[in-house]
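Visitor: Here are the chains, one letter per residue:
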Amino acid sequence: MLTLSLDTALAAATAVVAKDGVVLAVRCEPMARGHQEAIATLTRDAMTEAGAAFQDLDRIGVTVGPGSFTGLRVGIAFAKGVALAWNTPLVGIGSLKALAASVSGERVLATIDAGRGQAYLQTPGGPPEQLPLADALAAASVSHAGIIVGSGAPLLAEALPSAVIDARAFADPVALARLTADAPTPGGPPQPLYLRAPDAKTLAERGVTR
Amino acid sequence: MADRFTVLGIETSCDETAAAVVRLEGERVEVLSNVVASQIAAHVPYGGVVPEVAARAHVELIDGVIGRALADSGLDYDGLDGIAATAGPGLIGGVMVGLSAAKGLALARGLPLVAVNHLEGHALSVRLGEAPAPYPFLLLLVSGGHCQLLSVEGVGRAVRLGSTIDDAAGEAFDKIAAALGLDYPGGPALERLAEGGDPTRFSLPRALLDRKDCDFSFSGLKTAAARTADTSVHTEADRRDLAAAVQGAIARQLSERSARAMGRYVEMQGGAGRLFAVAGGVAANRTVRARLEETASAHGFAFTAPPLKYCTDNAAMIALAGAERLRAGMTDGLAAPARPRWPLDEAAARDAPIHKPGRKGAKA
Ligand SMILES: Nc1ncnc2c1ncn2[C@@H]1O[C@H](COP(=O)(O)OP(=O)(O)O)[C@@H](O)[C@H]1O
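Sequences listed follow chains A and B, in order.
Per the working numbering: the first sequence = residues 1277 to 1486.
Per the working numbering: the second sequence = residues 2 to 365.
Relax, there's no trap hidden among the hints.
The list that follows gives simulated cross-link-like pairs (lysine to any residue, SDA-like), each with its CA atoms no further than 25 Å apart:
#, chain 1, residue 1, chain 2, residue 2
1, B, K176, A, E1481
2, A, K1477, B, Y185
3, B, K176, A, D1475
4, B, K310, B, S256
5, A, K1477, B, G49
6, A, K1477, B, A38
7, B, K176, A, P1474
8, A, K1477, B, P341
9, A, K1477, B, P46
10, B, K176, A, R1482
11, A, K1477, B, V45
12, B, K176, A, A1480
13, A, K1477, B, D184
14, B, K213, B, G249
15, B, K176, A, V1484
16, A, K1477, B, A227
17, A, K1477, B, A180
18, A, K1477, B, K176
19, A, K1295, B, G111
20, A, K1373, A, G1310
21, A, K1477, B, A42
22, A, K1477, B, G182
23, A, K1477, B, H44
24, A, K1477, B, A43
25, B, K310, B, I41
26, A, K1477, B, G48
27, A, K1477, B, S39
28, A, K1477, B, P52
29, B, K176, A, A1476
30, A, K1477, B, Y47
31, A, K1477, B, L62
32, B, K176, A, L1479
Keep in mind the hints are simulated off the structure, nothing from the lab.
Looking at chain A on its own, in the form it has when it is part of the complex (with noise of 0.2 Å):
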């Protein structure tokens, strides 16, 4: 199976290209901001690095969240539109999850600080949430959890005295491929997983009556 996985939801902008479990070529770029204007570049280079032709695509596999909206909303319109050009079949991937799969280990806790006091975090075998910083701490430590991986790490750390921290601000390009070939067969198109409500109050919640 010829995969292409991309990965715009955190501090990074990345393409795999890989082959029945065997990685082709990656083009991997730590990055804040840019995902918009880096990601079809990074793309092609490794499309034509792997020797890769798009009709040839079994599969394509994109971030869905949680992680920066504006991020995610890049990612899968772009794998969108990859995907429309040969009806490959597109299958979305929990950040999250990529993260928790990007570490060798039994449990692992994969959390994303997400600022305002905020975590986003995934427990061994729970689902993906936002939870305000107390209550990620309260979840993590009945966890049983060995390693916590992502951007939130340091911020649960006290929760699991005992576990290994791993901050890293991405996944594992590696592990994008494996979860691209791995996901199960999609009902629809992926849509974003925000997590979080729009910043905006309807006129009913602003009191305003008309």
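Assemble chain B with the ligand onto chain A, guided by the hints.
Guide: Just chain B with the ligand, lined up with the frame of chain A:
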């Protein structure tokens, strides 16, 4: 296919997710498909467009809308010569969605990418009608986000003659409509309310009377209308009269500045191309339109406006701009940025910035 350019256009800069396929052959323009998914319903609870809500809707809708535009056109991607997308100005979150999808398609299909200025799309929308407007022409662009007068000499060649120093005309319609208790989007609702109203009963201020340029200002009108709404509007008839007064005041200002621009344009063009084109959502307003038609004929200009569906945001105009650029050899790289602000006439905007050049540069 030497002189035939078939382009898929994508538009996501405000609250419509749109895609279209347009074919340009010599001077013939054919719209093969035109799909617009409006998000108005998503924004109604907020009383206006919320950028984050818009961006979320765009990314959900984008693949379906592109797929439908292609299916409706009867073509396959093989039948396309390029992919065009709005790259600004507009709500940046949405712009990035359309531009990113366009890049994905262009890259995977080996097609050239054209990053289109949304304002150029509006300017060229007057070439989407039955008989495409020939260059040059004088354009009044009046939408929710823009209000400017441009001498359009060709693709990539527009000279700004005037612009708003505060609100756009559509924005003024929408804000005053809200003050009158009308639902978003207020422009069309205000036009309906104004029917049968007496435009002379309330007097509203005229803007920039001391200036001899072609710039617009609607903020004084907005404030005065809101005050009148608070103090003197009690009955349904009062509301009607105020709506009619507002509509009349906006139409009058648009026509006065357009008349002034016609004089300047005639000097610039040496009398050639006496064609006055009006584009943008506000061109749908019948009072505004009638007033502008009179102004044009009084100054010896022919009048044209695109069909209504190409007045408001649409992707056919983006596809046409893409096709004209492609024909002129103007394409963009895969790193093309999304630009929240992007004046059509960059030279004029630099030399005489209308808005204080803020963090984001001169506004469009
Ligand atoms: N009949 C009308 N009368 C007045 N304003 C109108 C009318 N129809 C549409 N508008 C205004 O046009 C604007 C929408 O036009 P559009 O070209 O889509 O603008 P934009 O994309 O800049 O918001 C809105 O401000 C709307 O209120």
